[in-house]
Amino acid sequence: MTAVQIVGLVAVALVGTAVVLTREPARQALVASVYGFALAVLFLAFQAPDVALSQIVVGALALPAMIIYALRKIIRREQVERGER
Amino acid sequence: MSERLRIALFGAGALGFAAVLVWGLGGLPDFGDFAGRYGQYLAHSAVPHRHATSAVAVTTFDFRGVDTLIEEFILFTAAVGVVVLLRVQRASEEVPAEPDTRRQPTAQSGALRSVITAAVGPTLVLGIDIVLHGHLTPGGGFQGGVILMTAFFCVYLAGTHLALGPLRPMGAMEASEGIGAAGFAMIGIGGLVIAGAYLENFLPFGRVGNLISGGVIPLLNIAVGLEVMGALLVVLGEFLDQRLLMRKGKL
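In the order they appear, the protein sequences are chains A and B.
Note that the numbering used here has the first sequence beginning at -15, numbered continuously upward.
Note that the numbering used here has the second sequence beginning at 2, numbered continuously upward.
In isolation and in its complexed conformation, chain A is listed as follows:
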């Protein structure tokens, strides 16, 4: 096992724990994005560039973005219900 692979595994373990420990949803989406990127680095270190590319686009970009948009929609609805148009 090379040093890059070990660093990747440790990073994934650390950032994964950080995702669980983050309580605020919007912040959690951003930490999850970092986690997705760490996973992509790990896949690249384990010689799977195809999976790494998919991981970057899905785990680091698309999923956190969708969570953020959904959160924004919920917050907007609450604002409107309180009468702020």
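Just so you know, the hints here were simulated from the structure itself, not pulled from any lab data.
Ideal Cβ positions, reconstructed from N, Cα and C, are used throughout, including at glycine.
Cβ pair distances, simulated, as ranges: (1) A:Q(-11) x B:F203: 40 to 46 angstroms; (2) B:V48 x A:V18: 36 to 42 angstroms; (3) A:R61 x B:L193: 46 to 52 angstroms; (4) B:F11 x A:R7: 20 to 26 angstroms.
Residues from chain A that keep clear of chain B, each with C-beta distances beyond 12 angstroms, as calculated: (5) A(-13); (6) V(-9); (7) V(-6); (8) V(-4); (9) L(-2); (10) V(-1); (11) V3; (12) V4; (13) T6; (14) E8; (15) R11; (16) V15; (17) V18; (18) V25.
Dock chain B against the given chain A, drawing on the hints supplied.
Just chain B now, kept in the frame of chain A:
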């Protein structure tokens, strides 16, 4: 149930789970020591049989093409579902995506806008490159499609909005999503008609390493790229509110 009993129950379960997990992980083959027959066969037949250098692309688009077709339709139905839900919601309650007072270009800083606008072209080229070289190098329709989506999204982030003149962006993206999904299925039917089996290759394989090689795999990559780009942009557009995306004339 008392707290102590609950913790004891969880502890027993966690210990049992950990034991089984460690036992299972211990039995895994070492890294790079895979001995499955199917995997060996796929890895060895990609270049001689399909003339495509990316074994992953050959597996996903040729040997396991139907899997990819279904995967593509999972994304298609998911995107359509999200769009329908958001449109029904918007029709029943008039909630603008942003307060009227804040309806200003997305990025206020001139430097930020210039940098993002400058990134649009290179991102577009990178996306097309990843899609077209899917059968030669890592990448392909799924990955390239998302990069293409990012290029269009940069236009929005730069505050210019996705109003591309007479070409209505949402209509074009819906068409791109549909054409991509249908294109994959139609290429499969082409195989059924010409070569005798669904998704069977019916084009010449070409020379190994050329851009035009690998039979129908590049065409399937382009179909998936169009589908992924369209689906994600339609969903994004719905989330960000179409009116927000298309109000260029009103400002």
